[in-house]
Amino acid sequence: MAEPTSNQLRVRLVTPERILFEADAPAVELPAKNGYMEVLYGHAPLMAELGAGDVRIHQGGIESTSPETTRYNVSWGFVEVLGDRVTILANDALKPEEIDVTRAEQQLDRGENMWKEAGESEEAYDEALRVISEAEAKISSAAEVEKH
Amino acid sequence: MANVLDLRRRIRSVKNTRQITKAMKMVSAAKLRRAQERALAARPYARMITSVLQSLRGRVDLFDEKTGNLCSPLFVTRPEKRVLLIVVSGDKGFAGAFNANILKVAYQFINGNPDKEIDIEAVGRKSRDQLRRRYPAAVYTEQTDEHGQTLQVRSARQGNVELTGDHPGLLVKLEISRVEALAHNIIARYVHEEIDAAYIVYNEFKSVISQRLVVERLLPLIEVGKQQITGAVEPTAEEKERRAEAALSAGIDLEPADTTEAEEEAKKFGTQNVDYIYEQPPSELFAGLLPQYIFSMLYHAMTESVAAEHAARMTAMDSATNNASDMIDDLTLHMNRVRQAAITKEIIEIVSGAAAL
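From first to last, the protein sequence lines stand for chains A and B.
Position 138 of the first sequence, counted from 1, bears residue number 138 in this note's numbering, the numbering being contiguous throughout.
Position 278 of the second sequence, counted from 1, bears residue number 278 in this note's numbering, the numbering being contiguous throughout.
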């Protein structure tokens, strides 16, 4: 890894079990609840809720194709961005290679069933949506591994 | 009087038992080490959730300006009529009084609140088995509402205390998803006013010698970031000494690894004295964080309980090994005496036989 220079972000990915990842990187992509965002060094302090999707830690640079990009599939959580520090609190985080696609597909089916059976209950719809988006994020994340 | 051969057999059998208890002790020690590591690794997350909640708490008005309602239903306090009690015990025996002590505290809680309706959620096989024998399980019936959906409706109570659920084997391989499901279940019950408060009974584990049984309040949240302990049982000095002895002989550190630095680091999360841009309205963030906070409290209780269970088993097996050694010593002494007595008797017989000639 490159020597930490002054314009590097200290990125930490923390799950309920342990600190999963800690490194310096110039840029991070985050799946915030209402869309992806990218954070560079010197970003204004920010607090956001995360949705389901991929966190990309671009250790090599901003180009997402750079080989030095670490990718984690996270589902729900929170992130704190400070000028030189990004701390991601994820409810669940997986490496894309670790995703069990068949299980994710089962989850998607389950979510779709929940969606159909939700009826008029708003709560059930929200829950179904959560399950579906989590499953979709996992599947697309796993599919990207196969492409490379 | 037993003869030498019998005694020898007896000694061999005790030796075998000692072998087993010794092995179990070493296994427990290894598991304890792993459980301790896991508890430590889980701490940054819990710490961060707590500190960000505390800092948000200062920025968010708990009461909605327009309606005057509390911003999260988890802060609502109601008179405690129906209480949920989560009992965290072990899955296996052979751990001394570990499970019995937890159940004792649980029964104390139940007997101390005779006028309340108590729902029990049993975590761990041992407490489930015991509680199931004493209290009836809650009965649910399926009903169809006007929209044609089936609903689970709880039937009339059979007594003040009922078992609403059990989770055997949850602690064997502490899976985040299962603990999360339990946390969501508890929160949903609280929000739907099925319960007015939630308490958890578990064995707190700071280090091998510093542990105690506590009753902690999960809900309602009265103050974020402070343990709401409503009852605790400290171990006696003698017990502490035994634990320390057992830990030393198994090569376990008495004091946990120093994590103050990491803790300090984690405390900073979300508390910088700057104006954050909140991607979502702070109240929404707050509402999103609260279930996570409940989850992390639950997970924390479970990781500690697992470590305490292994520590208790290690101590119990260490005592058993010592007792077996003492027994072997006694038996060996006894056997030697018997053997000598037999030899003496034979000599007397020979000598008196020779004298008679």
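A portion of the hints provided could be inaccurate.
So the derived label-pair ranges between C-beta atoms look like this [unchecked claim]: (1) B:Arg134 to A:Glu136: 17 to 27 Å; (2) B:Ser13 to A:Asn113: 55 to 65 Å; (3) B:Arg178 to A:Glu22: 24 to 34 Å; (4) A:Lys116 to B:Ala244: 23 to 33 Å; (5) A:Ser121 to B:Ala30: 39 to 49 Å; (6) B:Asn322 to A:Glu136: 28 to 38 Å; (7) B:Gly231 to A:Ser121: 46 to 56 Å.
Residues of chain B placed beyond 12 Å of chain A at every Cβ, according to the derived structure [stated by the list, open to error]: (8) Ala42; (9) Ile49; (10) Asp91; (11) Arg154; (12) Leu174; (13) Glu180; (14) Val215; (15) Arg217; (16) Leu289; (17) Asp326.
No lab work stands behind these hints: they were computed from the structure.
Every residue gets a Cβ at the ideal spot worked out from N, C-alpha and C, and that includes glycine.
Taking the hints in turn, this is what the structure says about them:
| no. | hint | result |
| --- | --- | --- |
| 1 | B:Arg134 to A:Glu136: 17 to 27 Å | violated (46 Å) |
| 2 | B:Ser13 to A:Asn113: 55 to 65 Å | holds (59 Å) |
| 3 | B:Arg178 to A:Glu22: 24 to 34 Å | holds (27 Å) |
| 4 | A:Lys116 to B:Ala244: 23 to 33 Å | violated (59 Å) |
| 5 | A:Ser121 to B:Ala30: 39 to 49 Å | holds (48 Å) |
| 6 | B:Asn322 to A:Glu136: 28 to 38 Å | violated (58 Å) |
| 7 | B:Gly231 to A:Ser121: 46 to 56 Å | violated (38 Å) |
| 8 | Ala42 | violated (6 Å) |
| 9 | Ile49 | violated (7 Å) |
| 10 | Asp91 | holds (20 Å) |
| 11 | Arg154 | holds (18 Å) |
| 12 | Leu174 | violated (9 Å) |
| 13 | Glu180 | violated (7 Å) |
| 14 | Val215 | holds (23 Å) |
| 15 | Arg217 | holds (21 Å) |
| 16 | Leu289 | violated (7 Å) |
| 17 | Asp326 | holds (42 Å) |
In this structure, the hints that do not hold are numbers 1, 4, 6, 7, 8, 9, 12, 13 and 16, in rising order.
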